[in-house]
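> In full-length UniProt numbering, the protein residues as written are 1 to 220.
Some hints could be false.
[What the hints assert, rightly or not] Here are the in silico distance ranges between beta carbons for each label pair:
(1) Lys-16 to Phe-85: 19 to 29 Å
(2) Arg-103 to Ile-137: 13 to 23 Å
(3) Leu-115 to Phe-85: 37 to 47 Å
[To be verified] Each computed BS3-like pair below joins lysine-lysine, with the alpha-carbon atoms no more than 27 Å apart:
(4) Lys-35 to Lys-101
(5) Lys-109 to Lys-119
(6) Lys-101 to Lys-41
(7) Lys-58 to Lys-109
(8) Lys-35 to Lys-111
(9) Lys-58 to Lys-41
(10) Lys-35 to Lys-109
(11) Lys-119 to Lys-135
(12) Lys-101 to Lys-119
(13) Lys-135 to Lys-109
(14) Lys-127 to Lys-109
(15) Lys-16 to Lys-80
(16) Lys-111 to Lys-101
(17) Lys-16 to Lys-79
(18) Lys-35 to Lys-58
(19) Lys-41 to Lys-109
(20) Lys-111 to Lys-135
(21) Lys-58 to Lys-101
(22) Lys-111 to Lys-127
Rather than coming from a laboratory, the hints here were simulated on the basis of the structure. Yeah, the Cβ is synthetic: ideal placement off N, Cα and C, and Gly gets one too.
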Amino acid sequence: MLSQIEDYLRIGLSAKHRATNQIVHFPLIHIVVEKCEEEQKTYIATCLEYSQAFESNKPQTAVAGVINLMHDYFLTALKKEGMEFIFSELERQDNEILWGKVRRYLAEKYKSNLLFVEKSFDRDTTKTELIELAKNIMPPFEVDEVVSKDHHEHVTSLKDETIKHQSELILQILHVLSNKTKQIEEQKKTISKLRNGLEGGLEEWTEQQPDIQIPVPSAS
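Turn these sequences into a full structure, and let the hints guide you.
Here it is in structure tokens:
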């Protein structure tokens, strides 16, 4: 199955303990969104660290799906297997090929920068041509900036169309997650008396709004 990387996100997940209102943060995860080349467009969002994946016909729904999976994954793994299981899983090489594609995808975001340097060594390239090439160079997106729901107005105000597109994707993801969270809460209220065991333990935790980071803007 042929696919190409559509987007790449760093996401910080957290949860709140109902009894104490304590918020805990889980290890940072990286999610890659692939667009599959088939008759119907299919998007697969994969957590590179823990190999959880979710498929959908929309990228934002795929990301929202894998975020929900990862919340359940962390809580279930910690309850059943313990903390060391979370750590040991990070040493597996299941997604090494996909990691390689991501590294190339991120490097290609600097294509305009690299092309400028390459052409600067070509004696046939004029200063005017270099100035024209420089117009395509974008400064890297601030790595430390977290794009969350509270910051989306600042992000969408930026002129660059790529960043605008990515921020809109984030908002769509957050919207899908918000709706799913409401549905889950209603389901919990309806069947809470029937739950016990593992599910009962997980009811003590509430998913928090994720923080989503975009590494750098695309130069294409």
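> Does each hint fit the structure? Answer for all of them.
Evaluated hints:
Evaluation of the 19 to 29 Å hint for Lys-16 and Phe-85 yields a pass: the beta carbon distance comes to about 23 Å. Range check, Arg-103 to Ile-137: about 21 Å between beta-carbon atoms, so the 13 to 23 Å window is met. Between Leu-115 and Phe-85 the beta carbon distance is about 45 Å. The supplied range of 37 to 47 Å therefore holds. The suggested pairing of Lys-35 with Lys-101 holds, with an alpha-carbon distance near 13 Å, which does not exceed 27 Å.
Annotation: proposed proximity of Lys-109 to Lys-119 holds, straight-line Cα distance about 17 Å (limit 27 Å). Between Lys-101 and Lys-41, the direct Cα distance comes to roughly 20 Å. Compliance with the 27 Å bound is thereby established for this hinted pair. For the hint pairing Lys-58 with Lys-109, the CA-to-CA distance comes to about 23 Å; that is within 27 Å, so the pair holds. Annotation: proposed proximity of Lys-35 to Lys-111 holds, straight-line Cα distance about 21 Å (limit 27 Å).
For the proposed pair Lys-58 and Lys-41, the alpha carbon gap of about 8 Å is at most 27 Å, so the pair holds. Distance hint between Lys-35 and Lys-109 is fulfilled; the C-alpha atoms sit about 18 Å from each other, no more than 27 Å. A hinted pair counts as satisfied when its Cα atoms are at most 27 Å apart, and Lys-119 with Lys-135 qualifies at roughly 14 Å. For the suggested pair Lys-101 and Lys-119, the alpha carbons sit about 26 Å apart, so the restraint of at most 27 Å is met.
Between Lys-135 and Lys-109 the CA atoms are separated by roughly 15 Å; this keeps the pair inside 27 Å, and the hint holds. Straight-line distance between C-alpha atoms of Lys-127 and Lys-109 comes to about 24 Å, which keeps the hinted pair within the 27 Å bound. Restraint check: the Cα-Cα separation between Lys-16 and Lys-80 comes to about 19 Å, which is no more than 27 Å; the hinted pair holds. A hinted pair counts as satisfied when its Cα atoms are at most 27 Å apart, and Lys-111 with Lys-101 qualifies at roughly 15 Å.
Restraint check for Lys-16 and Lys-79: satisfied, since their Cα atoms lie roughly 15 Å apart, inside the 27 Å limit. Straight-line distance between C-alpha atoms of Lys-35 and Lys-58 comes to about 9 Å, which keeps the hinted pair within the 27 Å bound. With a C-alpha separation of about 24 Å, the suggested pair Lys-41 and Lys-109 falls inside the 27 Å cut-off, and the hint holds. Taking the CA atoms of Lys-111 and Lys-135, the gap is about 13 Å. The hint holds against a cut of 27 Å.
For the hint linking Lys-58 to Lys-101, the alpha-carbon distance of about 21 Å falls within 27 Å, and the restraint holds. With a C-alpha separation of about 19 Å, the suggested pair Lys-111 and Lys-127 falls inside the 27 Å cut-off, and the hint holds.
Every hint from the earlier list agrees with this structure, and none is contradicted.
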